[in-house]
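J.: Sequence:
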Amino acid sequence: PEYRRILLAAAFAVWLVVNLGCQLWSVVWYPVFFVVSSGVLAWLAWSELDRFWELGLVGCDRTIRKGVDYRKALQLTSRSLDFLGIGASKLTDLQTGFEEALRRCNDPDRPVRFLLSRPDSEELEKWARQAGKDRQEYQDHVRESLRAIARMKNDRAFNIEVRFYEPDSLPLFRLMFIDERLCLASPYVFGKGDGSQLPQLHLADKGDGTLYRALKQYFIRSWERGAPWDFRTKE
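Number 92 in our numbering belongs to position 92 of the sequence shown; there are no gaps in the numbering.
Please keep in mind that the hints were generated in silico from the structure rather than gathered at the bench. Remember, predicted model here, so these are calculated numbers, not experimental data. Just so you know, not all the hints are guaranteed correct.
Between beta-carbon pairs, the in silico distance windows are [said to hold, decoys possible]: (1) Ser-196 x Phe-12: 41 to 49 Å; (2) Glu-100 x Arg-225: 25 to 33 Å; (3) Ala-131 x Ala-9: 32 to 40 Å.
BS3-like mimics (lysine-lysine), calculated; alpha carbons at most 27 Å apart, straight line [claimed, not checked]: (4) Lys-72 x Lys-192; (5) Lys-66 x Lys-153; (6) Lys-66 x Lys-192; (7) Lys-126 x Lys-192; (8) Lys-126 x Lys-72.
Virtual Cβ for every residue (Gly too), placed ideally from N, Cα, C.
From just these sequences and the hints, can you work out the full model?
T.: So this is what it looks like as structure tokens:
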């Protein structure tokens, strides 16, 4: 599999050299050859891309900040939102965009769901120390994010539910499910930037057997095991 990229580049190089040669030597049947060879090259490129689209991998970002960043992700939401992560602080920090997204997704029959870390998690403290930060810095970020979510719940009366992972159990990646049709997935690497420098996958719901469905099932199972939060920010 690691050679597929090289093979596609080699096919393009052959197409380019042969077509330039035919044009240089004024080959009579060059127009026909150009159309046929271009069709073959297009088919190769399509077959490479189509295998990803069939699995629901419709895009990716080398870095979140240069792709579908946190602000753009919130703007994409219109009907529903499920989030799995540490504290959702990258979303709650965008106060206006966050509130507007919750307003669009507010549904009395379907809550916006956040599956987050307990703010007193010892793992957060350990990661903060490993990153050379104050031992409570990551825990404080989660607490502040929970306060922002609680304000949306209590002051705006939005239908929101929050659950916590099992004690000292934290995710290694972030999942954001938008309108039951798109999932943005990216890893967590603590102590190396704010996370916007990391890559991100765009996964669409293309039916059973796709990456989207697998990650959605992971979210549901993790959610069912999570402990409901009562929206008291003293946690």
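J.: Compare the structure with each hint and give your call.
T.: Tested hints:
As the Cβ distance of Ser-196 to Phe-12 is approximately 33 Å, the hint placing it in 41 to 49 Å is violated. Checked against the given bound of 25 to 33 Å, the beta carbons of Glu-100 and Arg-225, roughly 31 Å apart, stay inside it. Between Ala-131 and Ala-9 the beta carbon distance is about 39 Å. The supplied range of 32 to 40 Å therefore holds. Restraint check for Lys-72 and Lys-192: the C-alpha separation of about 23 Å stays at or below 27 Å, so the hint holds.
Straight-line distance between C-alpha atoms of Lys-66 and Lys-153 comes to about 31 Å, which puts the hinted pair past the 27 Å bound. Between Lys-66 and Lys-192 the alpha-carbon distance is near 17 Å, which keeps this suggested pair within the 27 Å criterion. With a CA separation close to 15 Å, the supplied pair Lys-126 and Lys-192 stays within the 27 Å bound. Distance hint between Lys-126 and Lys-72 is unfulfilled; the C-alpha atoms sit about 31 Å from each other, more than 27 Å.
Of the numbered hints stated above, those contradicted by the structure are hints 1, 5, 8, listed in ascending order.
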